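Order-wise, the sequence lines are chains A and B. Using the working numbering, the letters of the first sequence map in sequence onto residues 28 to 142. Using the working numbering, the letters of the second sequence map in sequence onto residues 52 to 166.
I should point out that these hints are in silico values taken from the structure, not numbers from a laboratory. In this text the structure is predicted, and so the values were computed from the model without any measurement. Check the hints yourself; a few may be wrong.
[What the hints assert, rightly or not] Some, not all, of what chain B presents toward chain A, calculated at C-beta under 8 Å:
id	residue
1	Phe96
2	Ser145
3	Phe157
Just so you know, even glycine gets a beta-carbon here, dropped at the ideal spot from N, CA and C.
Here are the chains, one letter per residue:
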Amino acid sequence: AQSVTQPDIHITVSEGASLELRCNYSYGATPYLFWYVQSPGQGLQLLLKYFSGDTLVQGIKGFEAEFKRSQSSFNLRKPSVHWSDAAEYFCAVAEGNTNAGKSTFGDGTTLTVKP
Amino acid sequence: KAGVTQTPRYLIKTRGQQVTLSCSPISGHRSVSWYQQTPGQGLQFLFEYFSETQRNKGNFPGRFSGRQFSNSRSEMNVSTLELGDSALYLCASSQVSQGSTDTQYFGPGTRLTVL
Numbered sequence: 028a029q030s031v032t033q034p035d036i037h038i039t040v041s042e043g044a045s046l047e048l049r050c051n052y053s054y055g056a057t058p059y060l061f062w063y064v065q066s067p068g069q070g071l072q073l074l075l076k077y078f079s080g081d082t083l084v085q086g087i088k089g090f091e092a093e094f095k096r097s098q099s100s101f102n103l104r105k106p107s108v109h110w111s112d113a114a115e116y117f118c119a120v121a122e123g124n125t126n127a128g129k130s131t132f133g134d135g136t137t138l139t140v141k142p
Numbered sequence: 052k053a054g055v056t057q058t059p060r061y062l063i064k065t066r067g068q069q070v071t072l073s074c075s076p077i078s079g080h081r082s083v084s085w086y087q088q089t090p091g092q093g094l095q096f097l098f099e100y101f102s103e104t105q106r107n108k109g110n111f112p113g114r115f116s117g118r119q120f121s122n123s124r125s126e127m128n129v130s131t132l133e134l135g136d137s138a139l140y141l142c143a144s145s146q147v148s149q150g151s152t153d154t155q156y157f158g159p160g161t162r163l164t165v166l
């Protein structure tokens with residue numbers, strides 16, 4: 028069965044600093060990977076996704092993620108964090124690119140941004 | 052296009068009652084998935100409906116059920132409510148087109164409180 032691990036429950040960064048959120052997945056075949064962001068009381072917004080092609084994926088709001096098959100990782104990065112980025116971030120994996128409707132999520136990482 | 056809508060947004064019920072939640076997908080989307088989000092268990096997949104048929108199912112008891120109508124709108128029902136059913140219930144829709152990469156879009160969720 029597929030699984031996702033987000034090792035960091037909570038991360039605090041200063042505004043303007045760089046950010047990296049870690050995600051490790053377990054899946055036997057080619058994974059279909061996602062990063063979502065959730066603000067308090069809201070649904071999930073898709074930041075970016077990866078299935079194939081260039082392993083460095085660009086998303087919305089200045090985020091990017093790099094797929095590393097050898098490390099089973101899909102870490103999310105942003106070069107300069109803004110106060111509005113404070114939220115909870117979820118990494119997810121689905122069984123193939125046509126089955127996103129059954130995704131397995133990590134436990135999430137809460138990002139706090141210090142002024 | 053309008054996004055995924057969920058009704059009601061907030062609901063308070065007592066133990067033993069039943070509840071029905073509704074989800075209207077993005078126009079043209081044929082798949083609807085349901086997730087339960089709680090602080091202790093995180094985001095867990097409930098089930099997915101596609102063309103009025105349940106395509107995938109998570110590990111939840113039979114008290115949790117769903118259906119999808121011909122216009123792709125979906126409802127989920129929880130019978131004999133327990134305190135532990137208090138959660139944010141998220142609905143997500145996706146297009147599911149042949150040969151294209153699937154992407155889920157989430158609604159704002161229904162916050163269910165069981166007293």
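Hints and how they fare:
1. Phe96: 6 Å, holds
2. Ser145: Check passed: Cβ of Ser145(B) comes within 6 Å of chain A, closer than 8 Å.
3. Phe157: Phe157(B) check passes; min Cβ-Cβ to chain A is 4 Å, inside 8 Å.
Every hint from the earlier list agrees with this structure, and none is contradicted.
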